[in-house]
Amino acid sequence: MKLSTLLLTGIAAVSCHAVNIFPRGGRPSSVINDAHKRDLLQDIVTFDEHSLFINGERVTMFSAEIHPFRLPVPSLYLDLFHKVKAMGFNMVSFYVDWALLEGKPGEFRSEGALDLQPFIDAAQEAGIYLLARPGPYINAEVSGGGFPGWLQRVKGFLRTNATDYLESTDNYVAKVGAIIAKAQITNGGPVILYQPENEYSAAEGTPFPNHDYLKYVNDQVRKAGIVVPLINNDAWQGGTGAPGTGPGAVDIYGHDGYPVGFDCSNPYQWPKDGLPTTWYTEHLDKSPKTPYSIIEFQGGAFDPPGGTGFEKCYELTNHEFARIFYKNNLAAGVTIFNIYMTWGGTNWGNLGHSDGYTSYDYGAAIKEDRTITREKYSEIKLQGQFLAVSPNYAVATASNFTTTKYTTNAKIAVTALTTKRDDTFYVVRHADYRTTSSASYQLKVKTSAGQLTIPQLGGSLSLHGRDSKIHVVDYPVGKYEVLYSTAEVFTWKDFGDKTVLVLYGGPDELHEVAIKNELTSKVIEGHGVKVEKRKRASVVQFKTNSERRVVQIGSLHVYLLDRNAVYNYWVPTVPDKGDRAAFGSSVMNPKAVIINGGYLIRSITIKGSKLSVQADFNATSPLEIIGAPKGTLRLVINGKDTPYKKSKIGNWLVNPVIDIPDVNVPDLKSLNWKYVDSLPEVKKNYDDAKWPDANLKKTFNSKWPLNNSVSLYGGDYGFHSGALLFRGHFIAEGSESEFKVWTFGGRSYGSSVWLNDKFLGSVVGSGPGNNDTSKYSLPKIEKGNKYVLTVVVDNMGLNGNWVPGQEEGKQPRGIIDWSLRSKSGKETKIRKWKITGNLGGEDYLDKFRGPRNEGGFFFERQGYHLPSPPLDNFKSGSPFKGISSPGVAFYTANLKLNLPSDKYDIPLSFEFKNNTASIGSYRVFLYVNGFQYGRYVSNVGPQSVYPVPEGVFNYRGDNWIGVGLWALDKGANVEGLRLKAGVPVQTGREPVKVAKGPKYSHRRGAY
1 MKLSTLLLTG
11 IAAVSCHAVN
21 IFPRGGRPSS
31 VINDAHKRDL
41 LQDIVTFDEH
51 SLFINGERVT
61 MFSAEIHPFR
71 LPVPSLYLDL
81 FHKVKAMGFN
91 MVSFYVDWAL
101 LEGKPGEFRS
111 EGALDLQPFI
121 DAAQEAGIYL
131 LARPGPYINA
141 EVSGGGFPGW
151 LQRVKGFLRT
161 NATDYLESTD
171 NYVAKVGAII
181 AKAQITNGGP
191 VILYQPENEY
201 SAAEGTPFPN
211 HDYLKYVNDQ
221 VRKAGIVVPL
231 INNDAWQGGT
241 GAPGTGPGAV
251 DIYGHDGYPV
261 GFDCSNPYQW
271 PKDGLPTTWY
281 TEHLDKSPKT
291 PYSIIEFQGG
301 AFDPPGGTGF
311 EKCYELTNHE
321 FARIFYKNNL
331 AAGVTIFNIY
341 MTWGGTNWGN
351 LGHSDGYTSY
361 DYGAAIKEDR
371 TITREKYSEI
381 KLQGQFLAVS
391 PNYAVATASN
401 FTTTKYTTNA
411 KIAVTALTTK
421 RDDTFYVVRH
431 ADYRTTSSAS
441 YQLKVKTSAG
451 QLTIPQLGGS
461 LSLHGRDSKI
471 HVVDYPVGKY
481 EVLYSTAEVF
491 TWKDFGDKTV
501 LVLYGGPDEL
511 HEVAIKNELT
521 SKVIEGHGVK
531 VEKRKRASVV
541 QFKTNSERRV
551 VQIGSLHVYL
561 LDRNAVYNYW
571 VPTVPDKGDR
581 AAFGSSVMNP
591 KAVIINGGYL
601 IRSITIKGSK
611 LSVQADFNAT
621 SPLEIIGAPK
631 GTLRLVINGK
641 DTPYKKSKIG
651 NWLVNPVIDI
661 PDVNVPDLKS
671 LNWKYVDSLP
681 EVKKNYDDAK
691 WPDANLKKTF
701 NSKWPLNNSV
711 SLYGGDYGFH
721 SGALLFRGHF
731 IAEGSESEFK
741 VWTFGGRSYG
751 SSVWLNDKFL
761 GSVVGSGPGN
771 NDTSKYSLPK
781 IEKGNKYVLT
791 VVVDNMGLNG
801 NWVPGQEEGK
811 QPRGIIDWSL
821 RSKSGKETKI
831 RKWKITGNLG
841 GEDYLDKFRG
851 PRNEGGFFFE
861 RQGYHLPSPP
871 LDNFKSGSPF
881 KGISSPGVAF
891 YTANLKLNLP
901 SDKYDIPLSF
911 EFKNNTASIG
921 SYRVFLYVNG
931 FQYGRYVSNV
941 GPQSVYPVPE
951 GVFNYRGDNW
961 IGVGLWALDK
971 GANVEGLRLK
981 AGVPVQTGRE
991 PVKVAKGPKY
1001 SHRRGAY
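Just so we're aligned, residue 1 is where the sequence shown starts under the UniProt record's numbering, counting upward by one.
Just so you know, the hints here were simulated from the structure itself, not pulled from any lab data.
Hints should not be assumed to be uniformly reliable.
[Claimed, not checked] Calculated pairs, BS3-like style, for lysine-lysine (alpha carbon to alpha carbon, straight line, at most 25 Å): (1) K674 to K444; (2) K535 to K444; (3) K498 to K646; (4) K289 to K312.
Since this is a predicted model, take the numbers as computed values, not measurements.
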């Protein structure tokens, strides 16, 4: 996903077809698949021009984007699935990061913290369908866009039909495809769609679209056993890969959209032309015979180093954004709708690209620490639950918006979606979608009772600034029919003896709902409701406030709420029978219970007369069960029998015992810290004989020819993550005065240089630059003596390869050029170079944590960042005191925790206090039990808080904390570093299992 900053340099021309590569809402992504008008290979997942069908049931797929690789704790996947299912999502889309699974060519490993199977199993257990998007190219703001670093050695253009590139993908696609194929719905699993390429929408210097390439990609997938429909995500509605466009076309065409862009520094300045209004028309032009599909729609925004932070990105794409833009997509008739991201997670273990930082919070609905306190979470829940109970939406035909036909106020824009049975969805917004002003209006609509102007009982409707609503007409609710409702539908359920309809409105709004019937009506709860009979309908008018009102019309109970109140309502699915019980009785409007209260209702089960509820609570508050299933008498909450009372209207009222503790965590300064120098390379008599020789006279990199005698590109030697270290040996002529070096490390990278043990200087990386040519003055040098230049380069991650032909993914990391000269210009030859990155390079040692978790610092090569390091090799020393001169130090300490995680979900995070102004620029590499979980850049930012999940932390036992400290221009310390606990949530989740990677053991051959 994302419009990578590398594209902002511009593209002079796009080969084959002239394409505007920067349309508003575009972002580096597009896909391609193999579906050139072929018969489907199975009959479980099918589709027509309106929607998917699953087992013959027409469905609207509302999807959340979540990446399993951004959470190395498999036992927490179910927690995320519970949270998105509670929002009304019925599908999750996920990327797979090839670079993490095939760190060495030919060696595919889906195991340890990177095992895909637990994610698939959790989806099945939660009852969530999956859209699999394993690349090979994913973009996703990960290093290389998901391409392993060794692809820098492939000669042919990446993402083309170059033979060596295609052959390099064969093993991965076969292996990951087999895992996903086994999990398809045809085998009883949750996978219903597969995306074989990603955001393939333009090219430069190579044919586009390359149908031979696309066909090969789709053939790979089918050979791996994929039989579900193939879908793509064009970066914009260019039509690439749509059915009928030639070999390599997909079954279902989809596209992406990021309409407000990524400038989080101005979160309330939405672009004038940002709201898409022609997407449905474009869909009919590009792919009229497939469901309208938006495979990535903006759920937040990425933020670069030195940016404003993800809270600002949340403000840019907050609950108001969700109301306007997501409902605008519904106005366009989308029936496969995926929100990127819904939970962003963490770029742990160097997995991110250089235009990001450790956090991938994204400003998403669910925060990085998995808390659900953002209002956007609740707003999306309202829309998701509405879609779940509105099956006719899937066959509604969209139309162009109008400001005159349906309202009395031209400042209001209305889009009507109508079905053949004449039930209509009216999506209402401001004509100027950016306005913060309110507007009054009346709605003029055609109903089965004739043409009506609403409200009928007097007054006007209102639309607050930056708001949007969906009014329904002739809307079926079980055996009843809503003639119209200006209040929005949250949910409805038929409980046999009664039907419950939950409606809501924004603050201080007048609303009116009419129910077709000839029955008596009465207000059974609350005040201030007007009820009249009009044209064989009961017309109910109310004004929203904090009081709930309930009107009974026959056996229909209509709940009238304000929006803030309905945020606390949940609709957990009643499990069905058999192996797929968690998916419920149906995809659309499954049997469920309505529950009011709690922080999160995870799930319910029914066994005999027992109703069991798994729930989370963050405060003492009542719980109300609306529509307890027939025959249930006993209530169990989180495994405990819970007494209840029945309300006057028949609901179960509960007061769960909630006890939120104060959580105290250790003061990090009190720990018994140990220290080891982690730049021994600059010490006298350091021996680098075991280091790999950097002696390649030609590079494997087809994009970047050499500028000097040997290659010092990390990728040529198998080093693709974390710090790179170089040692250049020379015999002095005696006149050398300057060392000039051109380094490449990615955005805001750092580098430092020493001559023997003399510090020459650093690139501190304060700007957006990804490379630097630096000149360092040398101290007095003695002729005939041997000297060593030590250069440290921080690899911030590899570039993506969004535009085929540009080969941006081959941009090297390391040293591009160098010279050692006298004042007269005479050059001294550096006779030998040594290079290192992570120990073993592509033959990395830690298979559990994967190929990118370690870099090339001494402490990483030795494995000292792992649990239980050999403290006999350390001295006493604390990161709070730090080091007094430029260099690299590593500190470790044991941290014991005893937190009540069996009962509470307790967010933990590390927090840094910026002291750059007083002590200079420095970088910190934070490790928890061997997992690199933070890269702090003091002089760049913006991140200073680093959440670490339970499972990486052992909440009930020993933990090993590692702090790698790199001082770039002075000494440095982390005086303000602290561990802090967030607000505990009393939880009904499954226990979290610690992701126990290997502990320290002596590494044979480590240097």
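Now for the hints, and whether the structure bears them out:
no.	hint	verdict
1	K674 to K444	violated, 74 Å
2	K535 to K444	holds, 16 Å
3	K498 to K646	holds, 16 Å
4	K289 to K312	violated, 40 Å
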